[in-house]
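Trainee: Based on the sequences and whatever the hints tell you, model everything.
Take a look at the letters that make up each chain.
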Amino acid sequence: MAGTSNADGGAGIDPMHQFEVHPIIELPTIAGVDTSFTNASLWMVLAIGLSSLFLIIASRRTSIVPGRLQLMGEMSYSFVANMVKENVGTEGMKYFPFIFSLFVFILFCNMLGMLPYSFTVTSHLIVTFALAATVFLLVTLVGFARHGVGFLKLFVPSGIPVVLLPLLVVIEVISYLTRPVSLSVRLFGNMMAGHTMLKIFGGFVVGLSSAGLIPLAIAPFALMVAFTGLELLIAGLQAYVFTILTCIYLNEAIHMDH
Amino acid sequence: MEAEAAKYIGAGIACIALAGAGISIGTIFGNYLAGALRNPSAAQGQFPNLLLGFALAEATGLFGLIIALILLFVV
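Residue numbers (this note's numbering), protein chains in the order written: chain A, 1 to 258; chain B, 1 to 75.
In case anyone wonders, no lab produced these hints; they're calculated from the structure. Model, not experiment: these values are computed from the prediction. You may find that some hints are simply not true.
Derived Cβ-Cβ restraints for the label pairs, each shown as a range [stated by the list, open to error]:
#1 L56(B) to Y77(A): 22 to 30 Å
#2 L33(B) to F144(A): 38 to 46 Å
#3 I23(B) to H255(A): 27 to 35 Å
Taking lysine to aspartate or glutamate and the DMTMM-like style, the derived pairs with C-alpha atoms no more than 25 Å apart in a straight line are [unchecked claim]:
#4 K153(A) to E172(A)
#5 K7(B) to D14(A)
#6 K7(B) to E20(A)
Ideal placement from N, C-alpha and C gives every residue a C-beta, glycine not left out.
Mentor: Dropping the structure here:
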C-alpha cells in the first residue's frame with residue numbers, strides 16, 4: 001500500500017499494480033470457473049478468520065466489568081444493534097445477524113486493506129457487487145414475503161396527480177433497480193480511488209527522493225500521512241454507510257411507509 | 001480525431017463530476033455547521049446523518065471516476 005512495493009527507480013510505479021489478482025495455489029478449472037486460491041481469497045479468509053477470532057475471544061470470558069477486548073466486542077454489537085433498532089425498528093432485529101456480519105466483514109476487509117503490502121478485497125467491483133446483490137435479493141424477498149403483491153405499491157408514490165403517475169412509477173422502478181449498482185459502486189469506488197491516490201503520492205515520494213530531491217519529497221510524504229488518516233476514516237465510514245443503507249432499504253421493505 | 005485521443009478527452013470530461021461532488025459536500029458540511037451553531041445541543045444527534053450525507057454525495061463524484069476508468073481501461 002505504501003507505494004514502495006514495486007519501486008524500480010520511481011518512474012515505473014504502477015498505481016494499479018496493487019489491485020492485481022494472482023493465484024497463490026493453482027487449482028483446476030471446474031465448469032469454466034477458475035477455482036485457484038488467489039490473494040483475494042486469502043485476504044477474505046483472513047478478514048473472516050480475524051473477525052471471528054476477535055468476537056470469540058471478546059465473548060469468551062465475560063464479566064460484569066468488561067475488559068478492553070470484551071468492551072470492544074460489546075461496543076461493536078451495540079453499535080449495529082442500535083443502528084438496526086433506530087432505522088428498522090424492533091422487527092428488524094430478526095435480520096440483525098446478517099447486518100452485523102455484513103458490517104464486520106466490510107470493516108475488516110477495508111481495515112486489512114490499509115496494511116502495507118496487503119490486498120483490499122473491497123476494491124474489486126465483483127466482491128462489492130456480490131454483497132450488494134445479496135442485500136438487494138434479501139430486501140426484495142422480505143418485501144414480497146411480508147406484503148405479497150402489495151409490495152409493488154412501493155413503486156407508486158401516494159398523493160400525487162394521476163397524470164404524473166406513469167412517469168413517476170418508471171422513475172421509482174429504475175431507482176429501485178439501480179440500488180445494487182449504486183451500493184456496490186460506492187464502496188468499490190471509495191476504496192479503489194483512495195488506494196490509487198495513496199500509491200500515486202507514494203510514487204511521488206519515491207520518484208523525488210531517488211532523483212536526489214529529498215527536501216521536495218517531504219510535501220507529498222506529509223500529504224500521504226494525512227491521506228492515510230483520511231483513508232482509515234473512509235474505511236470505517238464506508239462500512240457504516242453500506243450497513244445503514246441496508247437498514248434503510250430493509251425498513252422500506254418491512255414498513256412501506258412510502 | 002484518433003479514437004485513442006477521444007478516449008483520453010472523454011476521461012478528462014468525466015472528471016467534471018467532481019464539481020458536483022465538491023458542491024454537494026460543501027453544502028452538507030456548511031449546512032450542518034450552520035445548524036450546529038444555531039442549536040449546538042442538537043448537533044451531536046445529527047452527526048450520523050452528516051456522515052451518511054457526506055458519503056452519499058461523495059459517491060456521485062466517484063461515479064464520474066468510474067466512467068473515466070472504464071474509458072481508460074475497458075473501452
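Trainee: For each hint, tell me whether it holds in the structure or not.
Mentor: Right, here's what the structure says about each hint:
no. : hint                          : in the structure
1   : L56(B) to Y77(A): 22 to 30 Å  : 26 Å, holds
2   : L33(B) to F144(A): 38 to 46 Å : 43 Å, holds
3   : I23(B) to H255(A): 27 to 35 Å : 33 Å, holds
4   : K153(A) to E172(A)            : 11 Å, holds
5   : K7(B) to D14(A)               : 20 Å, holds
6   : K7(B) to E20(A)               : 23 Å, holds
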